[in-house]
Structure formats: structure tokens, C-alpha cells
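If you read the protein sequences in the order shown, they are chains Y and D. For the first sequence, the UniProt record's numbering begins at 1 and goes up steadily by one. For the second sequence, the UniProt record's numbering begins at 1 and goes up steadily by one.
Just so you know, the hints here were simulated from the structure itself, not pulled from any lab data. Don't take every hint at face value.
Any copy will do: because identical chains look the same in the list, a pair fits if it lies in one copy or spans two.
[Said to hold, decoys possible] The calculated BS3-like cross-link candidates involving lysine-lysine, where the alpha carbons are at most 30 Å apart (straight line), are:
hint	residue 1	residue 2
1	K546	K457
2	K543	K493
3	K463	K546
4	K442	K230
5	K414	K298
6	K575	K489
7	K13	K317
8	K230	K7
9	K186	K321
10	K457	K230
11	K204	K13
12	K63	K321
13	K321	K204
14	K292	K463
15	K298	K63
16	K230	K292
17	K442	K204
18	K546	K575
19	K414	K457
20	K442	K13
There are 2 protein chains.
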Amino acid sequence: MFLEKIKSPKEVKELSGQELQVLVDEARAALLEKVSQYGGHNGPNLGVVEMTVAMHYVFDSPKDKFIFDVSHQSYIHKMLTGRGQAFTDPDHYEDVSGYTNPQESEHDLFTIGHTSTSLSLANGVAKARDLKAEDYNVVAVIGDGSLSGGLAYEGLNNIIEVGTNTIVIVNDNDQSIAENHGGIYKNLKNLRDSNGQAEDNFFKSLGFEYHYLEEGNNVEQLIGLFESVKDADHPVLLHIHTIKGFGFKYAEENREDFHAGGPFSLETGEYLSSGPAVPTYTSATADLLIDKMANDPKVVVVNGGTPMILFSQEQRKALGKQYVDVGIAEEHAMTMTAGLAKNGAKPIWAVFSTFMQRSYDQISHDLALNHLPGTILVFMASVNGMNDESHLGIFDIPMLSHIPNLVYLAPTNKEEYLAMLDWSIEQSDHPVAIRVPMGELKETGVADTTDYSQRYKNEVTQKGAKAAIIGVGNFYQLALEVAEELSTKHGIKATLINPKFISGLDQELLDSLENNHDLVVTLEDGVLEGGYGQTVASYLGDKDVKVINYGVDKLFHDRYDAPELLSQSGMSVDKIVQRILANVDVSLADQLAII
Amino acid sequence: MFLEKIKSPKEVKELSGQELQVLVDEARAALLEKVSQYGGHNGPNLGVVEMTVAMHYVFDSPKDKFIFDVSHQSYIHKMLTGRGQAFTDPDHYEDVSGYTNPQESEHDLFTIGHTSTSLSLANGVAKARDLKAEDYNVVAVIGDGSLSGGLAYEGLNNIIEVGTNTIVIVNDNDQSIAENHGGIYKNLKNLRDSNGQAEDNFFKSLGFEYHYLEEGNNVEQLIGLFESVKDADHPVLLHIHTIKGFGFKYAEENREDFHAGGPFSLETGEYLSSGPAVPTYTSATADLLIDKMANDPKVVVVNGGTPMILFSQEQRKALGKQYVDVGIAEEHAMTMTAGLAKNGAKPIWAVFSTFMQRSYDQISHDLALNHLPGTILVFMASVNGMNDESHLGIFDIPMLSHIPNLVYLAPTNKEEYLAMLDWSIEQSDHPVAIRVPMGELKETGVADTTDYSQRYKNEVTQKGAKAAIIGVGNFYQLALEVAEELSTKHGIKATLINPKFISGLDQELLDSLENNHDLVVTLEDGVLEGGYGQTVASYLGDKDVKVINYGVDKLFHDRYDAPELLSQSGMSVDKIVQRILANVDVSLADQLAII
Chain Y
1 MFLEKIKSPK
11 EVKELSGQEL
21 QVLVDEARAA
31 LLEKVSQYGG
41 HNGPNLGVVE
51 MTVAMHYVFD
61 SPKDKFIFDV
71 SHQSYIHKML
81 TGRGQAFTDP
91 DHYEDVSGYT
101 NPQESEHDLF
111 TIGHTSTSLS
121 LANGVAKARD
131 LKAEDYNVVA
141 VIGDGSLSGG
151 LAYEGLNNII
161 EVGTNTIVIV
171 NDNDQSIAEN
181 HGGIYKNLKN
191 LRDSNGQAED
201 NFFKSLGFEY
211 HYLEEGNNVE
221 QLIGLFESVK
231 DADHPVLLHI
241 HTIKGFGFKY
251 AEENREDFHA
261 GGPFSLETGE
271 YLSSGPAVPT
281 YTSATADLLI
291 DKMANDPKVV
301 VVNGGTPMIL
311 FSQEQRKALG
321 KQYVDVGIAE
331 EHAMTMTAGL
341 AKNGAKPIWA
351 VFSTFMQRSY
361 DQISHDLALN
371 HLPGTILVFM
381 ASVNGMNDES
391 HLGIFDIPML
401 SHIPNLVYLA
411 PTNKEEYLAM
421 LDWSIEQSDH
431 PVAIRVPMGE
441 LKETGVADTT
451 DYSQRYKNEV
461 TQKGAKAAII
471 GVGNFYQLAL
481 EVAEELSTKH
491 GIKATLINPK
501 FISGLDQELL
511 DSLENNHDLV
521 VTLEDGVLEG
531 GYGQTVASYL
541 GDKDVKVINY
551 GVDKLFHDRY
561 DAPELLSQSG
571 MSVDKIVQRI
581 LANVDVSLAD
591 QLAII
Chain D
1 MFLEKIKSPK
11 EVKELSGQEL
21 QVLVDEARAA
31 LLEKVSQYGG
41 HNGPNLGVVE
51 MTVAMHYVFD
61 SPKDKFIFDV
71 SHQSYIHKML
81 TGRGQAFTDP
91 DHYEDVSGYT
101 NPQESEHDLF
111 TIGHTSTSLS
121 LANGVAKARD
131 LKAEDYNVVA
141 VIGDGSLSGG
151 LAYEGLNNII
161 EVGTNTIVIV
171 NDNDQSIAEN
181 HGGIYKNLKN
191 LRDSNGQAED
201 NFFKSLGFEY
211 HYLEEGNNVE
221 QLIGLFESVK
231 DADHPVLLHI
241 HTIKGFGFKY
251 AEENREDFHA
261 GGPFSLETGE
271 YLSSGPAVPT
281 YTSATADLLI
291 DKMANDPKVV
301 VVNGGTPMIL
311 FSQEQRKALG
321 KQYVDVGIAE
331 EHAMTMTAGL
341 AKNGAKPIWA
351 VFSTFMQRSY
361 DQISHDLALN
371 HLPGTILVFM
381 ASVNGMNDES
391 HLGIFDIPML
401 SHIPNLVYLA
411 PTNKEEYLAM
421 LDWSIEQSDH
431 PVAIRVPMGE
441 LKETGVADTT
451 DYSQRYKNEV
461 TQKGAKAAII
471 GVGNFYQLAL
481 EVAEELSTKH
491 GIKATLINPK
501 FISGLDQELL
511 DSLENNHDLV
521 VTLEDGVLEG
531 GYGQTVASYL
541 GDKDVKVINY
551 GVDKLFHDRY
561 DAPELLSQSG
571 MSVDKIVQRI
581 LANVDVSLAD
591 QLAII
């Protein structure tokens, strides 16, 4: 077996043409074995086995610099740069992250996980090389799906501006996570259909020397192409046609499902079921939106290349013109949403928390400054969301809640969530974001009739004394458990508050707490710094009541265990109760009186 | 005079061809008269007089929807839509803002001030029209300078994707604020040089029907072109060559200086001097950076199309390859900076606070997550900065200071600032942002020898008791004045603190305050919510000390008077002193003892 002998790219370079093909086959087999058992980005990596082997054969990493866009297609690169065991030995599957990671290897330049950054990073790396008067190749690999992001275009422009060696590989498998959207994809199709000869070549229009390769899964042709441009003294763009999921027929046939996923059967291509489908916050959202759209042609859902966030392929088809996928282009998604709202549509932008942060300026300047009634549904905003350091959902409260005009809502159960969503869609005064709850669907069975136009009105779900506990969104449940423990074990009936609004304070309520409370505790499912709790602490800073804010530390937590992280942050029922007891004045008489 | 009779676009439509030319001349004369006296975006508006008259002649606003990118070129549009008096009568010059503004007129759809948003907004407006089955033209006007922004590219892509009527006018005056940078500009030049016939047309590559007009300051030709595409059932792009500053020779000759500015002489084209040049934080920055660059080829300054932030045209030329203008592309500026830092260069990105917010994800994901030692110089971050609602510099502390790894520094004088900048450039461990001070240069005459690698170490500049006042950056001076007033008038020697770091707390110092202080006051030059002070309030929430945070309200304050806004926010020496006195325990004996 060649693969096990590859400890560095050096060993790749020593193989003959025939041996390289054997290596390709072994690498693909190991990849399939691992992703079928362990999950991961299957399709993108299957498509670039040949390309990655050829890159390491021709170029000289780490002297030559490789930068993979998003880097979810870097598995083969990892196999060939000293990390093969993480793909051949199940005991070591967890040794590597799913993205490039400088802590793993000098062959990985950056921690990456968001799209469309590779060209700008490469432009910086190349410019630094030039300033230092050094001499090597800078190679960026970007998928066609990532080309819809404006940052990729800015990168292309500036690579031409700098004008020295940078080799851009466009890995064109004619697929984003789902199908592609936007004018650029018509150009890529024209170029594929004409073997690179079509008129009005997008890349040439920006000034690139352009080469097309139809057989992007042919290692010999790839090597020939790379050798022909290696050490160029100017920017070169290689448009390479690959097949997403290549070498595994189920992945080739179903490219959307085989973008990424959990374990699957190599025999049938079926993902291993995790039991029967149950209603979730996602399905509840989809149900409400589909119903709304059926009854009102002005309701429209906008999405930025992550359609699985809400709808299946069939649902999207059925929604027709009321579902808009703008490609991976979060800035456009937000600004288009603002335009839709201005002209009387009722737009809902569904986005993962980690990708929403790409649109800070558009949320502030285009939506919020203009007071436009668009709705942002923020998914996976939780310590319990994605847990890779490049995909965290814990920064959205500091980011969104301090933007003027924007109403940020944090529901605690299904009824509340759907009532907020319905209100947001039908009102015309406020930009609204909703922090979609994480975890199992919680149903109260009682419709929520709150008037959400009464901004910042919190709900007191239990009136008590001494301690008031504010449980934000997902962590209302934790607040409830703390209150119960205080009551049953310590005879303290605490005040329990569901704030619902996290972009402003219920000042009247907070003022009233001073009278008969020693302590206010806030619990939120995200980072502590800049969060909701700190606005409470500030407001109560000169009042006669203490405040304790709970949240996780301001860090890029990586592949963490959520319960462990929460416990480290002091967020267990027991620890919170103990800290409350240490900060309230509880005489035995008080306790007896309550009991 | 025709101009005075134009109360709405209706009156424009009634003019003959010859009368239109008279209107053009009158409008240009009024424009010149106003901007020469009052200041404003002179060059951009001089260039679009004919285009704007022709737009209102051919199209039917507000039924047809006009969206101006950045909207600093909307003065003529304002003249023709009921706001002529704001340009013809000096007493009414202040009636209108410098950007489109829906509160002024139904002909203005959006409040805009950042670039590259118009196409995405137009895409949303057009899509809403389609959902409602309505029928009219959506017309977006975007300058060539704004085309470097990735959002513009995302907009172009998605206009093609939607596929219905949208008329994109590219107003190509071959100039951004300064010269253009990036591959797209070579394409625009090729198209201009070939009367629109060049191969590899960027716009056609994305799928646009494309028309070129060389004589973009000829009202008759403009009308002909607009009439030919009006009511098209598909996207159309009009590439129109105009002359920035047209009709005022000094502006035509010096297009960078005549992008925008204060009053100038119509006779000589000289800006009215505001006295002899004195050293400023800008000139001090430029001096240090020029010196650094001369001595180290790895030092490089990155800028996103706003070069006047630091350097003159001559200085930029002299800096050669160590000065990089990426065009108006803030995301790229940040991500390229990350790439530069990774490969051993010493990059400094100089940016205005209001535009920095376009790069939240790039700061977080590309620079901070990767621990890269790039430096961000944040200019105009102050209540005393730009005061238009679309250009505020008061949101950067909430935005930046809660991003992990990033060290955000707030100097209070020249020596501190330059020491921080020098440290940041030469260190290799941290991403660093520095809040460049606003206002007059303050010099202590004593070199700052602080070791800024000791993160979060505050400086206690006066040790006292009862009240501790933390003055952040620009507002350290205010804290000092409050301390002096407390001392001289009320016999209280307060503790005075210069935190220097605003992305983390000096916990040891804060802990020590509990012993002999009743109150901690924070003063910061920005929005209260999410700011530095709130992290202090949170940290001290369960300590035996009260906290009062000062900052301005979370609002898009518009064309405000800074001293008035600060006073409304309670930030005058007198008001702060009174509030401190009400919250500390001051016996007469205490006061006498100190006096």
C-alpha cells in the first residue's frame, strides 16, 4: 500500500505515473471508508483526489503555499502531509479537524471554514513574498460554489492588481452545497460547454491568463497542466472541471445529499438513519413559512446557498418564485432582503449564526438604518450548535443586539417562536431577528398571544423575591431548573423572567426588582462579553441589587464538549444555585416561612 | 430660470431639447455655487448633471424606482424632485442631507452612504415588484469606483438570476475617490477605448445585455439611450462614460481633490484654507509609518479606496510597493492583511470606523481566529467624527472588542498612540486594532515605555478613593476634568484610570477598587450598549461597588451637534460630578481632611 508510506509530499514526488494512480485509488478508498463511518464532507473530497495528488506531485509544499477555500476539501491534502493515519486508522479519525489547521501541520497555512476567502489570503501571502523578495508559487484552490461570494471577486481583482505569481485553481464541479445561482454560473457553463473557448470569459475579462481542463479527474492531465504554469511570473487561472463525489456512484448521482453528512452505507448509499423523523424547530419553521407563502404571494424566503437550513429539494421546487437562493453571498442576501422589504414584500432571510456575521454592515446600514421590516432567522445560535472554531454560533448576541432599530427576539418554545415569526412577517415597522431555538422542540400547547409590538416587555413567569433569574431563549429552561432547585431544596421562591427581547431592556421591570431582590442573575446561550446580561448589569450598576452574568468565555472554542464548556463556565444548576445562595440574604426564618 | 420652476420630475418632462440643456446649465451653476460655499461631493455631482436630467426626462419616478449607489451623487436628483431650494437659496442649504433620504422625498428609496449596495437593493426592489405582479422600471446608478466592492458583484450575479427588468447604469468616470485599483478597471478601460466593443466584456460575461455610451455628458444621447431600454423585460447594463467634475475645469483637472471637500474659490479652484497646517494624529501616523517603511521593506500599508485617510498623492507614489490600495473592498483589505501577516509581512490596514464594519467576519474569521499580527488603525471612531447617520464612528467598540484574540487599544495622547502602533507593528503574537484618537494632537513630551504585550494592564494615573473614573481613549481628558473638579470643588481625590486596553479587563485593578471605592464610573466615546463600560459593570456586578457607564444611546444619530449629544447623554463635567456626588459617601470631615 502506497498511502501508508506517504509521510510527506516528498514521497508523492517519487512515485511513477502508474503508482500515482494507485495512490489515487487508495486515497479515495480510505476517504470513503472514513466518511462512511465517521461522516464529513464526502462529495467535495471525492472530487479532488486526483487534483490534490497532482498538486503535491508538481508543487513543493510548504515552500509553495497552498490555500484551500473553505478547506472542507482538504482531506486528501491532509493524507499526503503526514496525517494519513487520521484517515486509515479508526482510532485516529478524530486526530484532525475537518478544515485546514496550522496547529496540525506546516502545510496548512490558515484555519478556514467560511467561503470565498482563499483568493484574498493568497493575495496577501503573495504580496508578502514579493516584499521579502522571495520566490515560490502561491496556489489557491476555490470551488465554483465559493465564486458567488463577493470577497472572491475582490480577491480576483487584486491578484491582477499585484500582478505577480498566483495560481488560482477553480475547482468546477458545477455544484455549490446545492445547485448554483447567479450570472457567473452561466459563464462557467458556457466555458465548460466550449472547452474553455466561449466568448466573454469572466476570468479573462478581469485580466487572467486562463487555462481550461475538461478531465479534472485525470491525474496525468492535471500534472501536465500544473507543470505548464508552475513558476509563472504572473497570475494564472486554471479552470478545472471535476466531478463532485467522483468514484462513488451514489455521491455522483445525488450531489446535494453528498456534500456532507454523517455515516452512510457504502453498499446502498443511504445515510444511516437516526430513527424516525420528529418535528423540530426547523420543520415547524418550514411548515409556517410554506403556509404563509401559499396564502400571500408577497412572502418570500431568501437563503444564501445553505438551503438545507429549512427546505428539501422538493419543497424548494414547490415554492417557486417565493424561494430565492442567492448563492453563497450573505451580504447580498441581507441587502436584497432590505430591498424586498422596502418595496412591500415580506422577506425572511434564513441563515446560520456563524455565516450571518458576514453581513454586519448590511444588517446595520441597509436594513436597520432604513427601518425596514425584514426578518432574519438566526439558526444554530447556541453553545449546542456547530462546535468547530470556525463555525461557532455564540457571537450573534454581541453582534446583533447593539445595532440600533433592530429588534432581536429569543423565544423559549415553539408557540412563542411561531408567534414571534408570525408577528415579524406581518408587521411593517421594525427590522427583526429571531434566535431560532436549538434542541428538542418544546411545546406548551398554549398559543402565545403576546403583542410583540410592545418592545422590550419581558414576561415574569414566576414572581418571587431575593433572587431574580433571567433565562434568555434556550437557557430559559436552565433558569427554570435553577428556580425549582432553589424552591424545593432551599425554600427560596425566586423571580423567574423570560426576557423575550434581547436588544433592549424592560427598564420598568428591572427598576422594580430593586425593592425586594438582592440579586439578579442572567443566563445566556452564547459568549458573555458584549451579551444581553452585560446590558442588564450596566443598567442596574448604580442600583441596590447585585448582578451575576453567565455566558461562555470570549474564545474561539474548538471541537468542545458543550456540557463540559457550560460547566466550566459555571453554568450547571448546582453551581448557579450555590452562587445565588452566597449572594442572597437567607435567614432560617425566611426559609421556614416559605416552606 | 427653469430650475426654479421644477417642483417635480413632471416639469422636466415638459421641456424641449433645447430647454433641457438650459436646465442642465442652470443645475450645474447652482450646484457649483452651493458646493463652493457649503462644501460637499462636488466632482461626482458635476459629472452626472446630464445623466440625472435625462433619467427624470425618460423615466417616471417615483413609479419607476431610482437607486443611487452611495448616493453622494444625488444632488441633481434632489434638485429635480421638489428640493431645488436647498441648492438655490443659501438659507436652505442645510435642508437636505448629502445622501438620498426617504424622509425628504418619496423619490428617495433608501438612506445610503456606504458603497456597492445599490445593485442588491435594486434586485430586492425588482423581485418585490415581480412578486406583486407590478410593472415599472428599477434603475440603479453605480459609479465605477463602487464596482470594486464584492457586494456589487453579488448584486450583478443575482440581477441576472432574477432575470426581469432592472436597468443598471454604470457611471464610469474612470475614478474612484482616488485612482481605481483592480482587474475590473482594465476591462472598463478596454471597453472605453473600444467604444464598448472589446473582447471578454465583464458585464456580458455575467449575462447582461450591454450598451456603451461614450458621450455621457450629452443629454440628448443619454435620452436616446434611456428611451431605447425603458421597459425592457430583462436586465440591461448601460456603461456610460462621464467626466468627473464636468463643467468646472479645476475639478476636471484634479479629480481626487474634487471628489468632495469644503468651500472653495470658483475663480482659482483653491479650497479655502483653514489656516496653516499643524501636526495631527494623521500626520503623526503618516510620519511613523513612512519612517518604518523606509527601514523595513516588510512594513506595508493597506487601504480600501480612502487614501486621504493617511497619505497625499505624492507620499503614496513615494511609498511604491509598500502602499497597497485594494479599491473600495474592505473585506479584501482585511483578509489580504491576514495573508500578509501570515507570510511575515507587517501590514497595517488604515480604515474609517464606519467602513471597517463591512469586515466583521474577515476580522473575526481571517485575522483573529488565526492569531495573525496585523494592525487595524481605526480612524474617525468618535462622537466627534462624521455625523451623518450613515457614517457614524460610534459602533466600533461593541463590534470589535468582543471578538476573541483581538487586542483593541485606545490611546489618549500622541506618545501612547505611537508606542502602541510601534509595538503592534513589531510584535508577532496578536491581531491588534488601535482606536486612533480624534481631535487636536495631545503631546505629553514624555515617551511612553509601556510594555503592551502585558495584556489588559491599565494605568492608574491618580490614586484616590471613593470614586474611580475610567476614561477610555478620547474621553480620558473628560475623566481628568471630572477628577479635577471633584478635587478642587468638592475635596474628593478620585482614582483616575486610563485603561488603554478596551478588549479585556484589568481584573486585579478592578478587584482592588472594591476596598476603598463606592463607585466606578466609565466614560467612552461611542455607543453605551455593548461597550467597554458594560464589561466593567458586569465584572463588578456582584462586588460591593456601584458602577455608572457613560456612552451615547444606541441610535443612528443624524447630523447631530456633538457637544449637545454628549450633554444629552449626561456627559458634561458638571453632570458627571453631580451624579458621582450623589453616589459616594462624603462626610464633611472627609472633605475637610482633604482640603
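Hint-by-hint comparison with the structure:
For the homomeric pair K546 and K457, the shortest alpha-carbon distances inside one copy (22 Å) and between copies (26 Å) are both at most 30 Å. Taking CA atoms no more than 30 Å apart as the test, K543 paired with K493 passes in both settings, with 22 Å inside one copy and 23 Å between copies. Proximity of K463 to K546 under the C-alpha cut-off of 30 Å is found in both arrangements, the shortest distances being 18 Å within a copy and 26 Å between copies. Taking the shortest alpha-carbon separations for K442 and K230, neither the intra-copy value of 58 Å nor the inter-copy value of 53 Å comes in at or below 30 Å.
Proximity of K414 and K298 under a CA criterion of 30 Å is satisfied intra-copy only: 24 Å inside one chain copy versus 56 Å between copies. Proximity of K575 and K489 under a CA criterion of 30 Å is satisfied intra-copy only: 14 Å inside one chain copy versus 47 Å between copies. Taking CA atoms no more than 30 Å apart as the test, K13 paired with K317 passes in neither setting, with 47 Å inside one copy and 45 Å between copies. Taking the shortest alpha-carbon separations for K230 and K7, only the intra-copy value of 24 Å comes in at or below 30 Å, while the best inter-copy value is 64 Å.
Taking the shortest Cα distances, K186 and K321 sit within 30 Å of each other inside one copy (19 Å), while across copies they are farther apart (37 Å). For a Cα distance limit of 30 Å, the shortest separation of K457 from K230 qualifies neither inside one copy, at 63 Å, nor across copies, at 49 Å. For the homomeric pair K204 and K13, neither the shortest alpha-carbon distance inside one copy (32 Å) nor that between copies (42 Å) is at most 30 Å. Proximity of K63 to K321 under the C-alpha cut-off of 30 Å is restricted to the inter-copy arrangement: shortest distance 23 Å between copies versus 49 Å within a copy.
With identical chains, the CA atoms of K321 and K204 are at most 30 Å apart between copies only, with a shortest distance of 25 Å across copies and 33 Å within one. Taking the shortest alpha-carbon separations for K292 and K463, neither the intra-copy value of 37 Å nor the inter-copy value of 63 Å comes in at or below 30 Å. Taking the closest pair of Cα atoms, K298 and K63 come within 30 Å of each other only across two copies (19 Å); inside a single copy the shortest separation is 55 Å, beyond that limit. Taking the shortest Cα distances, K230 and K292 never come within 30 Å of each other, neither inside one copy (55 Å) nor across copies (34 Å).
For the homomeric pair K442 and K204, neither the shortest alpha-carbon distance inside one copy (54 Å) nor that between copies (51 Å) is at most 30 Å. Within a single copy, K546 and K575 get their C-alpha atoms as close as 17 Å, and across copies as close as 25 Å, so both meet the 30 Å cut-off. Proximity of K414 to K457 under the C-alpha cut-off of 30 Å is restricted to the intra-copy arrangement: shortest distance 19 Å within a copy versus 46 Å between copies. Neither within a single protomer nor between protomers do K442 and K13 lie at most 30 Å apart by alpha-carbon distance, with minima of 57 Å and 61 Å respectively.
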